[in-house]
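Enquirer: Below are the chains, spelled out letter by letter.
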Amino acid sequence: MLKCQTKPSTIWLILMALSLFSTFFAEGSKHALYAIGAVFIIAAVKGDLVIIHYMEARHAAPHWRFMYRSWLVAMGVLLIAGHVIG
Amino acid sequence: MQSNEFRSDISDHEDHPGTSGIWTFVFIDMVVFFLFFLVYISERLRLPDIFSVSQRQLDPLTGLASALFLLTSSWCMVEAVHATRRNAERAVALYLNLALLLGALFAGNKLIEYSDKIALGLSPVSNGFFTFYFLITGLHFIHVIGGMVFMGHCRMRLSTELGSKNFRKKMENVGLFWHFVDVLWLFIFPMLYLAGAK
Amino acid sequence: MEEGAKRAIERGLAWCGPLFVVSIIYTWGIMGHNIPPPNMMAMTPDQLISEYYGKYPEIGAGMILSATFGLFYTIWSCLLASLMRDEHGNVGALSFIELAGGILTGWLFAFCSAMWAACSILTGQVSPEIIKMVHTMTWFIFDCTYMITTIQMCALALYTILNKKQTMFPAWAGWVSAAIGIGFVPLIFMPFVTDGPFMVAGLWNFWIIFTGWIFAFFGVYNFYVLKHVYKSTADQAVAAGRLAIV
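Protein chains in written order, with the numbering used here: chain A, 1 to 86; chain B, 1 to 198; chain C, 1 to 246.
Wrong hints could be hidden among the right ones.
[Stated by the list, open to error] Computed list of chain B residues with no C-beta within reach of chain C, every gap over 12 Å:
(1) Ser42
(2) Arg46
(3) Leu64
(4) Thr131
(5) Ile145
(6) Lys165
[What the hints assert, rightly or not] Computed list of lysine-lysine pairs in DSS-like fashion (alpha-carbon distance at most 25 Å, straight line):
(7) Lys170(B) with Lys165(C)
(8) Lys231(C) with Lys165(C)
(9) Lys7(A) with Lys165(B)
(10) Lys165(C) with Lys169(B)
(11) Lys227(C) with Lys164(C)
(12) Lys55(C) with Lys227(C)
(13) Lys169(B) with Lys164(C)
(14) Lys110(B) with Lys7(A)
(15) Lys231(C) with Lys55(C)
(16) Lys165(B) with Lys231(C)
(17) Lys231(C) with Lys170(B)
(18) Lys165(C) with Lys6(C)
(19) Lys227(C) with Lys165(C)
(20) Lys169(B) with Lys7(A)
(21) Lys164(C) with Lys231(C)
(22) Lys6(C) with Lys165(B)
Simulated from the structure, these hints should not be mistaken for laboratory data.
Even glycine gets a Cβ: it sits at the ideal position worked out from N, Cα and C.
Make a model of the complete structure from these sequences and hints.
Expert: Take a look at the structure:
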């Protein structure tokens with residue numbers, strides 16, 4: 001679990017790694033549904049890292065953290081469901 | 001980078017990062033984009049073949065490059081905000097310049113991509129997918145330009161306003177907006193470039 | 001005018017807002033079979049008659065009633081403009097822009113409803129081509145003059161957000177108002193598409209923006225206007241930013 005005091009540079013490395021992984025996983029995967037699920041879950045995880053560590057939502061009022069994270073969940077659900085159904 | 005720059009001085013709950021106005025504005029902007037994504041998905045379900053075939057005309061590496069530019073720019077903005085809190089003018093200037101440069105690289109990459117598509121005869125009226133491609137990336141592009149304008153404003157006011165609470169709040173607000181622009185691309189990139197193009 | 005009479009009028013005008021919402025949903029929406037409207041750009045004149053005007057004769061009555069109730073939007077907008085004052089009690093440009101937008105939007109509802117009533121009542125008496133022409137032209141006028149409502153919502157948004165002394169309306173309501181006002185812009189695509197989210201009955205150009213406008217903008221501001229007009233005169237002045245809180 002990342003600590004609140006995790007350095008921005010560490011977060012950046014994780015974000016870069018996740019971006020590279022999701023791109024090449026999506027391109028190379030033979031299982032389209034799993035790949036789609038994975039890329040959107042990774043996108044939501046990356047979004048959470050940016051919101052918590054870069055936007056510093058951990059220092060914001062709790063309702064903002066809740067609302068912003070709810071948006072991430074809603075986006076993930078929408079995009080995964082939309083592609084799985086299709 | 002020093003470990004003490006990461007920070008406890010904003011843990012005072014009376015001094016949240018940014019102002020409540022920017023948190024409100026960004027959230028409403030997020031909701032608007034969510035609705036655009038909802039409409040994109042509904043169209044994709046209606047025209048799956050057109051969307052799949054059209055998505056193959058996008059280059060994932062171009063989208064990845066854009067993501068890397070924005071993520072790195074976001075990191076620079078974080079460092080700029082931290083430096084603002086330390087009143088370290090040269091560091092703020094450096095990181096703001098880098099953030100702007102990376103933003104410009106994103107914008108340049110996007111413009112090259114647009115011109116390539118247009119040269120291939122693709123436009124917002126080509127089909128449903130490209131309507132959304134140009135609309136969503138175009139709206140995002142406007143946000144990128146807006147963010148760069150705000151960052152430019154902060155860069156210009158740096159030497160005269162650094163040290164004031166007003167400037168610190170301004171930097172935090174601009175930073176929050178820039179990170180939001182970054183978060184948007186984290187979803188736009190896989191949605192348009194990666195998912196469903198097989 | 002006596003204070004009591006003034007307050008009674010204010011409250012009456014405030015209730016014109018909810019009256020507009022309920023009456024328009026019923027007359028324009030349900031009786032008028034506009035939930036959603038027919039996709040006229042993809043229909044032949046004969047289809048417009050057989051599937052809409054000829055099929056639902058109550059459209060005429062609904063639209064005539066809608067022409068009446070449409071002006072309640074204007075009445076409510078006038079009250080809103082009178083509330084949008086600065087700390088000295090003066091109305092300014094934003095109040096006038098909101099007022100102008102409210103007058104034009106209410107007029108638009110009334111005028112367009114009357115035109116659609118004519119289409120309905122004259123079905124069978126004039127050719128389907130003429131009916132489709134009038135129907136379509138009216139929808140172009142109704143949708144593509146969205147700026148009259150956009151300017152109203154943006155003026156109200158600016159007042160809400162930038163007037164830090166007023167507590168009548170929360171800042172988030174202003175941001176929502178601006179977002180919906182700007183969200184009307186894709187209506188410019190409506191005349192040119194026959195399917196998809198930007199057609200007249202599309203997911204964006206009908207469902208999202210109409211629902212957003214009537215509930216997230218109008219409903220929200222209705223709530224706060226009603227709350228305001230039931231305050232005492234002194235509390236109203238404080239909420240409007242004219243008196244400091246003691």
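Enquirer: Take the hints in turn and mark each one as holding or not.
Expert: Now for the hints, and whether the structure bears them out:
1. Ser42: violated, 5 Å
2. Arg46: violated, 8 Å
3. Leu64: Correct as stated: the minimum Cβ-Cβ distance to chain C is 28 Å, above 12 Å.
4. Thr131: violated, 8 Å
5. Ile145: holds, 16 Å
6. Lys165: Fine: 17 Å to the nearest Cβ keeps Lys165(B) off the interface.
7. Lys170(B) with Lys165(C): With Cα atoms ~21 Å apart, Lys170(B) and Lys165(C) stay inside 25 Å; holds.
8. Lys231(C) with Lys165(C): At roughly 17 Å apart (the allowed maximum being 25 Å), Lys165(C) and Lys231(C) satisfy the hint.
9. Lys7(A) with Lys165(B): holds, 24 Å
10. Lys165(C) with Lys169(B): holds, 20 Å
11. Lys227(C) with Lys164(C): With Cα atoms ~19 Å apart, Lys227(C) and Lys164(C) stay inside 25 Å; holds.
12. Lys55(C) with Lys227(C): The given pair, whose Cα atoms are some 43 Å apart, is violated under the 25 Å limit.
13. Lys169(B) with Lys164(C): holds, 17 Å
14. Lys110(B) with Lys7(A): violated, 30 Å
15. Lys231(C) with Lys55(C): Given pair Lys231(C), Lys55(C) is violated - Cα atoms ~49 Å apart, limit 25 Å.
16. Lys165(B) with Lys231(C): Violated, at roughly 37 Å.
17. Lys231(C) with Lys170(B): violated, 36 Å
18. Lys165(C) with Lys6(C): The given pair, whose Cα atoms are some 24 Å apart, holds under the 25 Å limit.
19. Lys227(C) with Lys165(C): holds, 17 Å
20. Lys169(B) with Lys7(A): holds, 21 Å
21. Lys164(C) with Lys231(C): Measuring from Cα to Cα gives roughly 20 Å; hence the hint holds.
22. Lys6(C) with Lys165(B): violated, 45 Å
When each numbered hint is compared with the structure, violations occur for hints 1, 2, 4, 12, 14, 15, 16, 17 and 22.
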